[in-house]
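Protein chains in written order, with this note's numbering: chain P, 739 to 924; chain X, 739 to 924; chain H, 739 to 924; chain G, 739 to 924.
One should not assume that every hint holds.
[Claimed, not checked] Pair by pair, the computed Cβ-Cβ distance ranges are:
| # | chain 1 | residue 1 | chain 2 | residue 2 | range |
| --- | --- | --- | --- | --- | --- |
| 1 | X | R788 | H | D813 | 57 to 67 Å |
| 2 | G | A804 | H | R774 | 32 to 42 Å |
| 3 | G | A905 | H | R796 | 26 to 36 Å |
| 4 | X | E923 | P | D813 | 50 to 60 Å |
These are calculated hints, taken from the structure and not from any lab test.
Here a beta-carbon is modelled for each residue, glycine too, at the ideal position from N, C-alpha and C.
There are 4 protein chains.
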Amino acid sequence: MSESVKSIAVIYGGTRDEGNTEMLAEQAVAGLAVERIYLRDYRIRAIEDRRHAPGGFREVDDDYNAIIDRVLPHDVLVFATPIYWYGMTGVMKNFVDRWSQTLRDADRPQFRGRMRAKTAYVIAVGGDEPRLKGLPLVKQFQHIFEFFGMKYGGYILGEANQPGEIAGDKIACYQAQRLRAELHER
Amino acid sequence: MSESVKSIAVIYGGTRDEGNTEMLAEQAVAGLAVERIYLRDYRIRAIEDRRHAPGGFREVDDDYNAIIDRVLPHDVLVFATPIYWYGMTGVMKNFVDRWSQTLRDADRPQFRGRMRAKTAYVIAVGGDEPRLKGLPLVKQFQHIFEFFGMKYGGYILGEANQPGEIAGDKIACYQAQRLRAELHER
Amino acid sequence: MSESVKSIAVIYGGTRDEGNTEMLAEQAVAGLAVERIYLRDYRIRAIEDRRHAPGGFREVDDDYNAIIDRVLPHDVLVFATPIYWYGMTGVMKNFVDRWSQTLRDADRPQFRGRMRAKTAYVIAVGGDEPRLKGLPLVKQFQHIFEFFGMKYGGYILGEANQPGEIAGDKIACYQAQRLRAELHER
Amino acid sequence: MSESVKSIAVIYGGTRDEGNTEMLAEQAVAGLAVERIYLRDYRIRAIEDRRHAPGGFREVDDDYNAIIDRVLPHDVLVFATPIYWYGMTGVMKNFVDRWSQTLRDADRPQFRGRMRAKTAYVIAVGGDEPRLKGLPLVKQFQHIFEFFGMKYGGYILGEANQPGEIAGDKIACYQAQRLRAELHER
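If we strip away everything but chain P, and leave its shape as in the complex, we get (with noise of 0.2 Å):
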């Protein structure tokens, strides 16, 4: 797991700058090469399920396909979301829900196979119970990494409220500190 080194990509699902989650993510990839990707930053359109229609999906004119032409090259996906109504960011969803889209793709037709080969990490943080409250968001990643036949490498749910009161969860600091080890080994 460690003979070369491997690229790292976040994903960031929140709406707002240094966010607790962001706070939590960057502990985890504090010194480590890595590719940032500010979801909000971008125009992604809602999905427009065209999988039956005739002539498939349609273009869109957004930024969906450049981001994901960045997230593609690299090896380990961290996916930073804060936990809205238990779920993942709106943002977010519709940046996942287009994959179906470029499952389809004529011009990425290595998707899949490429998404296969990935390490994927969930870093979220809720201020509602999120150790257990954010369990079907953990879950609801596993089925979709499942799918790709991506390795889930693991899951860090924080709690917090206010802004900064990340660095107070203690567990989810330590665990981005293990998780910085286990992606510096890498």
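Following the hints, complete the assembly by docking chains X, H and G onto the known chain P.
Leaving out everything else, chains X, H and G in the frame of chain P:
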């Protein structure tokens, strides 16, 4: 639970007309006076988390408030969503995410209390073992409804891939009929 | 899925005669030749974990081996248990726990392979919101079946408190009828 | 949460001495006065469901009542169980199942109320992806504690197969240390 007629809203999260989810949900409300809300027909922006920002949330130029004002008068809410990547659609998630703003909306101070008084149902249809892999979505809604103190009336997980295929899921269709009987009695 | 008749075992975890779980499971196998195994009629000792002990597991003086030898020949296993404290009964759990011993039993070297070839169903009845609070049990069985590579044919969660009350759970009864049709076709 | 010393019971569900679960739980209570209850040292019969039988439950000739009387005086309960087949051990499940009898025990009319006042923790160690596949057990205990209205203080899922291996699960060990700090403060 039956002395008077309750009013019902069906909130559709799907992104195509006459999808399997819609077919299933329509079985559950056939012959009932319901308000149908197709989220895909509206422009709903992702929330921008400004709970802790100076000035708080800003007014957003989209259709969200018009929708929530259609939802609030009803006693029963049916959340009907295709299962995209083991969760509700991004369209529906963006709608739900915005509730955080409404919770702080001085123009809608009774939001929480009015939600609390409702009974909610979930109807979700997916193609990849929904009765197992749709369970995180079932649980996510449970946490959402518990947040408000809403009653979770029940859920239906249907299985379908091709258009119209839901008719072959006899158990889901039977559940829809039972739900219809239950809603009639109210 | 139908070329030949498959043989079916129903493994009952309940501790009283003619309980709601049994009534529901019997609907699912009515008219079928099934082997009924009432765990309560046997003496099954709790496992003693000796995986790492010198000499490994010891022979146990109880009925477990007789039961597992009744189970193994069948193609379809129906685990039918009342929901006690949001899980399978302790009686059934002790039976399942002993599988760890059988996995190392030189007299039953094909245990794992034979289990792998089976299709399993779960029928569970509880009184406290089983369709929500029975979900951990549904997931636990999923992990158990995955361990062997067994097919998870499906599950039925019924609601009943008083004796006989399961007859009023129309959805569970309908699911039992559908399961019966499915088992007939095999 | 700290004005006075609370008393703590650790309820061990494991079936061998000095297992990984015990090692982990002992880290969480090191230096604290705790009562250790090793369920394997007692004879606990499976419940016989006689809630609806004439005469109700019968007195059972085993050690269960002696154990529950040791448990009840404590403010904090730590349920420490190896993960067997993705659940608590059958030994612990038989103990929990018997609570249904105690709920109807005229000699222990305060059972429910006394349980309600407690805070409970779960420590569980398994060898097969416990942080994912141990989640049904975490949820099952959540439902159990909710039944009484007990506070769910938290859970630790540790990973270990070989004896002593838990020492290598740095995150679980750190969580145990944090739990110890939390219990000290009480």
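Problem set entry | Hint numbers not upheld by this structure, sorted from lowest to highest | When the structure is compared with the hints, none of them turns out to be violated.
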